[in-house]
Amino acid sequence: MAIRRGRGVAAINYPTGMNLGGDPTQALVHSTPTGNFMVTLSSVDLGQGMKQIMAQICAETIGVPTDRVIIDTADTDTGPHCMGTFASRGTHRAGNAVIQAAKEARQVMLEVAAEELEVNASDLETDGQGNIQVKGAPQKSISIFDVALSAHFKRGRSISGRGMFLIPRSYPEKETGAMKPSTCYAHACTVAEVEVDDETGEVTVLTVKNVFEIGRALNPKMVEQQLVGGSWMGISHALYETTEPYYPNRDHGGTDFNQYLMPGPGDLAQTEIIVLERPSADGPFGAKGPGEMCANPQIPAVANAVFDAVGVRIDTLPITPERILRALKAQAAG
Amino acid sequence: MELRKDYFADVRKDGLHEIGQPRPRLDSPGHVTGKTAYFADRNFPGMLHLKMVRSPHHHARIRSIDTSEAEKHPGVVRVLTARDVPHNVYTILILIQIGPEDETVLADGKVRWKGEAVVAVLAETERAAQEAAAKVKVDYEVLPAVFDMEEAVKPGAPLVNEYHGQNYYLYDSGECRKVRFGDVEAGFAQADHILEQSYQSSPIEHAPTETTGCVVAPEGNDRFTCYTNTQAMFFTLDNTSIILQMPGSKLHFVGGTVGGGFGGKVDVIVEPIAILGAKLTGRPVSFVYSREEEMQISSPRAAEKVVIKDGVMRDGRIVARKVTGYTDAGAYSRHSPYGAQKGAAHYPGPYTIPNVWIDTYCVYTNRTPSSAMRGFGVTIGDFALEVQMDKLARLIGMDPLEFRFVNAYRDGDMKAHRQPTEGAALIECMQEASRAANWPVAEKYMAMSSYRKGA
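Going down the list, the protein sequences come from chains E and V.
When the letters of the first sequence are read in order and numbered with the numbering used here, they come out as residues 1 to 334.
When the letters of the second sequence are read in order and numbered with the numbering used here, they come out as residues 1 to 455.
Here chain E stands alone, though its shape is the one from the complex:
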């Protein structure tokens, strides 16, 4: 009886957005009198930080710092339609809608600035710090604060924009299954290293090295939080979780966190995250949806590592000590 070490690999891809499309999201953007920008949506922030990402997307598009953008969302009386936050679609769908709305608002903003500066709007650029300046002559500039005041009180303009994003729905061909499930795919490759105690069947995940390709890391810190969390969830899925431990039998289902097993902080592997960015053709600044796929590759990587360690295949999830011991026993019996 011994502790045995093994490693396994898995490589995957994952579609961004609702399967087969047909899932619209809309956005509205307007400026306040002092040049802050309000983004109105009905998308839901699940705690992953959608509001922050939408603020950064709007800020980049209009050309202001992110703290000048306020997100008002998840109210059906004020926000335009969003299909919902699921299917790795939030950043991609709502982000595109916000870009379109913000571009329209930016155009009005530049037109008002052009009137104030007595130049052509096409000769203007934003400095990203809250000012609009003449290209090649940055000393000739006006603050966005003053542009907004002018638009509201002098020029009678609404610095606002409407945005929407919809990928037309694809219908699978009945006999061949020809269809367009998605417009872009994220990718991942994970290598997991485990120790398996062949006396108890217990698995310890030592390291998980994840490489994720997600189009564009719009906010690297937030990408990291989602990818690390997903990686932990993958380990939990592989080794611990089930609402019906003897599925298809319905008995012994957990009803609280004492009975429903999940890894605690001490059970989590040393986790490494490496991010590659191949911008997608239709993503906001090339972003794809990393939300779901980041919890997938750890499961087969751990399963393959268990085999590498002790030479038995557990093809049923979760890979419990009981299943490993039964397989080792069957293997020993020949």
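Take these hints with a grain of salt, some might be off.
Unchecked claim - Here are the simulated distance ranges between beta carbons:
1) V:137 <-> E:332: 53 to 63 Å
2) V:221 <-> E:67: 45 to 55 Å
3) V:63 <-> E:270: 54 to 64 Å
4) E:229 <-> V:290: 18 to 28 Å
5) V:221 <-> E:207: 31 to 41 Å
6) V:449 <-> E:34: 41 to 51 Å
7) V:158 <-> E:252: 14 to 24 Å
No lab work stands behind these hints: they were computed from the structure.
For each residue, glycine too, the CB sits at the ideal point set by N, CA and C.
Knowing the structure of chain E, use the given hints to seat chain V on it.
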């Protein structure tokens, strides 16, 4: 975390002002100091609490329901049964034309899974609602139940859901969603080795910090404001409008920060009945799942069975792949027909295989209806595919990572569902993993690219 900017630098414009910057989240201080408001922070004077009477049986006919004792219980304001619900039989994906309507808001004549909602009790306190729920008498005639997907699709199995008429979802393509590409039998005939394996998962729980729930307030003008943690505001509003036969203009949904979704909050379960309760009593109503309800009543990830048959050549090329996927929907559709169909689109994985045959089934059994969960339709498929890839590599004596390079899809490759591959990056992920994990592969694989010459 490490951002490897050297990959794909030729197709990416960097140096943006706000995008790519690790700005601190504006909502973080609220979260970590307990200032962020969640739906359950709403508390209205006179608010009622809703508790469900649930089926103790997996499958039973309801002979009668007696709510008289419950109604007399101190603090009880109203007891609701199926006949109080204007459009009691519904299905959420009807909004995107995926029918038939197959589920009851409150059981009518039958229960099809253990835990199904039968009677709703509205009372002044949670405790009164709970105690009164225990006094509802339901006379059941227990029926044979089926739990196993293979048993469920056999002739003579107990029929789980009469609205379908058989224990699987009927797509326009028949009993399963199909993908046919090339000639899979010719591929098997040509293969050096054939490997057929079966994989199985079990249901799992989303385990959000915040359980599913809502608080409804009548606005006094025939409008109702529903504070909810749904993941999809209008999807829930529009389904509620159908179930309650109430114009959407009478409904106002307010969300906010949700304490974790993972797909567990895209069913439409708590809102319609809570709004109905508010309408019939004229009082605010709170309906929040207990942790036990979250774990055993709220939809889990579906259990899936995946059978993969592969034909592989000694040089590592997979020449044929046949996949049969089964999704255990439980007693009702919810999002499972969508999930099973998503699986059909996902197989055979990120590999270029000339001959592919996919069948994915959505099967009904007498268990808690499964539904959306992070990656559903794909996650279990990836477990099966990637364990199968490991087995195939070992079968032909190849390194498992190198074996994936041989088969990896690249730009321009035709997928089984007949879309050309665009924006592939699997090869680069594997190259970087090879370096990061110190898992060397042959130089020819490190020299590969997802770009096609001339593509």
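To see whether the hints hold, each was checked on the structure:
1. V:137 <-> E:332: 53 to 63 Å: 55 Å, holds
2. V:221 <-> E:67: 45 to 55 Å: 38 Å, violated
3. V:63 <-> E:270: 54 to 64 Å: Holds, at about 59 Å.
4. E:229 <-> V:290: 18 to 28 Å: For residue 229 of chain E and residue 290 of chain V the Cβ distance comes to about 25 Å; the hint holds.
5. V:221 <-> E:207: 31 to 41 Å: Since residue 221 of chain V and residue 207 of chain E have Cβ atoms about 60 Å apart, the given range 31 to 41 Å is violated.
6. V:449 <-> E:34: 41 to 51 Å: Because 50 Å falls inside the window, the suggested range holds.
7. V:158 <-> E:252: 14 to 24 Å: Given about 23 Å between the Cβ atoms, the range holds.
Of the numbered hints stated above, those contradicted by the structure are hints 2, 5, listed in ascending order.
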